[in-house]
Structures are given as C-alpha cells and as structure tokens.
Amino acid sequence: MSTATRTRPSRTAWLREPGMGATILVGAISTAFGVVLLSVTEYLAALIRAQPGLQGVDAARAALTIVTAVLVGLSIYVGAIVTANTFATVVAGRTRRIALLRLLGSSARRERMALARQGLVLGTLGATTGLIAGLGASVVGLRLASDAWGIRVDWAILRPDLAAPSIAVILVTWAAAWIGSRRVGVVTPLQALSNAAEAPRERVVARRGRHLTAAVLVVLGVALLGVGIVTGGVSSSGILFAFAGGALSFSGIALGATFFIPPALRAVGGLFGRSVVARMAAANALRHSERSSRMAIGVVMGVTLVTMFAVASATSTRFFHVVLGEEIPAELSLSVDIFTGVMTGLVGVSAVIAAVGVVNLLILGILQRQRELGLLRALGLSVRQVRTMVVWEAAHVVVTSVAIGLLGGTAYGWAAAQSLFGWMPHAAGLAEGPVFVAPAIPVSIVLTVVAATAALTVTASVVPARLATRLSPVRSLAAQA
Amino acid sequence: MTISPTDDGLAARVDTLTKTFGDGANAVHALDGVSLTVRRGEFVAIMGPSGSGKSTLMHVMAGLDAPTSGRAWLGGQEITGLSDAELTVLRRRRVGFVFQAFNLVPTLTAAENIRLPFDLDGRRPTAQEEARIGTLVDTLGLKARLHHRPDQLSGGQQQRVAIARALATAPDLVFADEPTGNLDSRSGREVLLLLRGAAQEFGQSIAMVTHDPVAASRADRVVFVADGRIIADKPAQTAEEISSFMLRTEGAAA
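These protein sequence lines map, in sequence, to chains A and B. Quick note on numbering: the working numbering labels position 286 of the first sequence as 286, and the sequence is numbered without any gaps. If you want the working numbering, it's the position in the second sequence, counting the first as 1, plus 1000.
One or more hints might be untrue.
Away from chain A, derived, C-beta distances all over 10 Å, residues of chain B [said to hold, decoys possible]:
no.: 1; residue: Ile1133
no.: 2; residue: Glu1201
no.: 3; residue: His1211
no.: 4; residue: Arg1229
Label pairs and their calculated CB-CB ranges [what the hints assert, rightly or not]:
no.: 5; chain 1: A; residue 1: Arg466; chain 2: B; residue 2: Asn1026; range: 25 to 33 Å
no.: 6; chain 1: A; residue 1: Ala13; chain 2: B; residue 2: Gly1081; range: 37 to 45 Å
no.: 7; chain 1: A; residue 1: Leu144; chain 2: B; residue 2: Ala1027; range: 53 to 61 Å
It is worth saying that the hints were derived from the structure and are not from the lab. Built from N, CA and C at the ideal position, the CB exists for glycine as well.
Let's have the full structure, built from the sequences with the hints guiding it.
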C-alpha cells in the first residue's frame, strides 16, 4: 500500500508480467536443443574424419543435419504454439488495459504491434540464453564424453551454423506473438467502461476452411499410410509412402485440434464425477476451448512421437522374431534399443516444451480468474476445494492429451513397423504375402508416460494451486477482472 | 453500547472493531472502534462515502476479513479468532452474499449458481430448503431462466439469481454490497423491493452497503459511517433525509 517503496514503472516492467518467463524459457529450450544437436553433429563428423579408413563423412553429416532440422523444427513449432497461446491469454487478461488505450485513441494495429515487439524481445532473450546454455552444455558434455571414451577430437566449437536455431527462434517467437495477439482487433474501446459478466465460453470462430484442410490432410495421410502398410508387406519401399502419409495426417491432426480436442475434453471431464468442484474444473478447461485445444495439441504431439518410436521398435522386434526365430542377435536388439532411446529422448524435448505451455497457461488462467475465485471463496469454497479444482483442471487437459497421444502414437508406431519390416517374412520365403503383426506396446513406455502424466499434472497444478489458495477473498473480489 | 454475548434475537454484532492497514506514519485506520448490532429480520443500510470503512466493516462482519482488534459475532457465535477453514464453512452455511457485479460463476447455470452453497457443502438441500428454493425461483421470476448461463442473463436477472442464492440457505445474515450499483433504475428498484420483501416476509436479516440514498431509503435502519466510525444510526429515512444528512456531514468535514 505504501507508495514510497513503489518504484516508477520502467520500460522493462512488462517482462515481469505473468507468461513472459515461459515464452523466454521455450525459446531457450529450442535454441539450446538445436545448438547441442548441431554441436554433436560437428563432433561426430570430426570423429569420423579423424579415422583414416572411414568414408562418407559428408553424407553422414548431411543426414544428421536433416534429422537435427526436423527435430529442432518440431520443438520450435511446439514452442510457437505455446507462445501464441501465451499471447492470446495475455491479450484476454489485458482486455481492459487495451480497451482503455483504444479509448484514449490508440489503434488496434498499434497495440498488436506493441505485443509483437514484446514477442521479438522475448524471442531474442530466449535465443541468447539458449545459445549460451547450449554452447556450455555441448562443450562440457562432449568434453566429458571424450574423456570417458578416451578419445581426442578437435572440433570447431563456434561455427556460423550455430546461429541458425537462434535466428529461427527469434523470428518464430515474433510471428507467434503477432498471431497470438490477433484478438486485440476485437477489443472495443467501450470495454474499458462496461462491467459485463464474462462469457463462460469464448465463441470460437467457425473455421470451416481450416477444418476442411485438416480433414483432407488426415484422409489423404491415412490413405497413404494404408498404401505404405500394404506395399511394405511385399517391398522395402513401403516406408516412403507411410512416412509421407504419417507427416500429412499428423499435420492434419495438429491443424484440426480445435475440432476434435473440445469434444475429447468434454468426454474426459465427465469422468471426474458430478460434484460442483469437478464440474467447475471441467468447465474451466472448456472455457477458452481454442486455447485449451492448442495447449493440448502440443502435449498430444510430444506423446504421439515418444509413443510412436517405442511402439515401432517393439513391433519391429516381432518381425525379427518371425524371420529369425526366438534368438535375435544381441547386436541388433541393442542397436534398435539405442536408436529408440535416443529418438524418444530427442522428441521428448517437444513434450517438455508442451508441458511448459500447460503449466504456464494454467497459471495465467488462475491469475485471470482471481475475481471469480474470490467470489467462490466468499461463498464458501474451502482452500482444499480450490486445490482440488486446480488439480482436476490440470489433470483434465493432461489426461485427455496423453490419452490421444498414446492412441495416435500406437497407431503410427505400428504403421511404421509394418511398412518398414512387413516385407521381411515374405522376402525370407516364410510367407506368401504380407504378414501383419499386432502392435506391441512396451510396458516401459506406458509406465513412463503415465508417470510423466502424473508428474506434469502435479507440476502444472502446484504453482496455480498455491496462487489460488493464497488469494484473500477480499482482495480477489476487488481485483480487476 | 456494549452487548453481552448471550443476547438473543441478534443476527450479528461487532464490538469496538478496529482495522488498521500499514503501520507507522502511513497507517490507515479503516475501522476505528465500531460497535453495531443487527437484529433478526432487520434490513440495515450502511452508508458512507468511499473509503469510509463501510466495506471493511461488512467484510469483518461476514467473516471475510479479520479485524485488528475487537470482536464479532454471527448469530450467537463469536467469529473473531476462527480459522480460515472454519470461516469458510461459516460463510457457506450462515452468510449470504450479493455483490455489485460478477456475482455468479460464469461456467454454471442459474440453477447451479443458486445451489452452489449446498453443493460446496457437499449435500443436497432438504425438502424444506427445496421448497424455499422453489418459492424463491417463482417469486424472483427466474423459472424460465434456470438453465441459462450468466452471460445469457440481463444485469437485473443476474442480480436476482444472486439474491436467490443468498436467501436459499436462510442464512443468519445476507450481505449486499452495492447490489444496485450496476443496474438500471428499474432493475435496481426491483432488487430493493425483493430484499425488502425477504426481510418482511421471510424475516431475513440483511446488511446492505450502499452510497445511494434511494437504495438506503428502503431499509428499516440507516447507519452512517465516516472515517472508520459510526457517526449516526437512524431508523427508516426518506431519500431526501438521507441526502441532506450526508450533505451536512460532508459540508461539516470540508
């Protein structure tokens, strides 16, 4: 209350607002991830070059660079979803402030550009942090690896290509902030004066075109996957169709998130029971169904990819059994396991970024619902009930997206194994036509995903629950909605 | 006016309440020795300019805020010194609230909002309470609106839903904080008539914080608060009497 301790708002005060830290964090993770992968690629190339007998450095390097680009691109994409969501939420929270500025004569475009500029600053901060952290981790990690294996490799630590992830992150964060703040345009100056009740659900603009594109992509992708699986039964080229089909259908799923995630959320919400706390928790996740859909789709993508690699490798082992009998060479199963482990870990980075998005959005949601929480506390919602509501809200989104991811990942993993190795029994003369095996779902991945789900739910609800339970009803009621 | 804690027929009372924000030279005395009783079935208006301490007084009486010193009772029970959990249950069962705006949970329908205190308590209304809710819904003209969400209701309708919720549990005291502040004059009149009717017909005790003399003129009793003190405690007044009293005190202060 004392004005003496309050400093003059500085030009960087907005950086301390909720949601900004998360934007920096996802940018930093993507950048560091990219820098580490590029450094490892360079290190491996140097290692190969140092061996006199080995050939094909350039080809191996090109392949690794493509894998790096795909993996980092994926994490930047998921990060962009998180950032766009953060900005959409920030705009919703700043509606009154934006309305006041509009009332005083500022244009919507100007306000939106100011937000995009903040995105640019956040992206730059994230990229710089990530670049430094990634370089540090690479130098230390590869040094330790060299010592552990007793090898000496001279590799270039600082190279121009390391700037690529940073540049991509900065540009994408900037663009995501611009896209996310789209709703600045619908804030009217009058909203600074009105005191209307909040709508329980944001009216989602029907995106016919987008959903149609999504449907076309999914149908086309699934058809190609089918072709891949069938072709894979007799020839090794099946995976090419399957890969294209997988990429298309997956893009369709990401694009159509606002179409199928809300019904899924509604179905899962029904599982929590009929108590008023459960109903409010379920309704909260649907309040901004577009934001919830985007928050969920990031997790769906991460879990799908992680599950896909695990299921693909376990299902492939079934083919090896068909062809090689009970005994599979230890070397083969080890290399399959290593590949699976590495890929799972690498795509897991996207899942981590998506998780940051979930935590961030739940925190923002609680901060923006202060007044409603104050009302509920006044009416007799206990601290324990507040906590339950927040945990269920988090569980709702996490469980829904993990369930979709597990289903999708199993389907994709099975399709991958089937189109990669389906021809082997035929080629080995063990079968007339294509052989189909049931998808194998490793217990380890199920346990990992379930544990990660629980951990994410707890993490995602700890901070918001603490925020929510610390609110004094009196102060919350006085809060600006 | 010290009251022994065994007095019956009282809905609420507070004894020499003080509430201080901040300390030292910056200290603000929101309440400065306030004592007040509200009898059962009484409709009291608490009036005063912004910053007079009237809202703080209401918050302490409703178990939303703790005083710096002094004691408060609701019905026969002392509420000063209760834990947050005990106060939460107390508010849920024995206090009703009608705020100026944002009274309803936006994700719940009108019917769900009315039943919220029971649901939070984890119980179904008794047959008697069901009958009471039914009567309230009829009286307040909400029958056709029960399955609407707050954003589908007009301001006046939202306020009537809040009144139904506040009255449903037959609480010891209903606190109304500027209940007409956000309404057009016709809806505002309706809301005041409903509160007045609740006091007369159901014997509901109501404390209404307002700075609108017309609203206050509907009450049985008008308590004037200024600078954290009660400066006058009068029986039912006309809007003109209230206005002129307020103008006089404003003039004296200036």
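Practice problem: Provide an ascending list of the numbers of those earlier hints which the structure does not satisfy. | Solution: none
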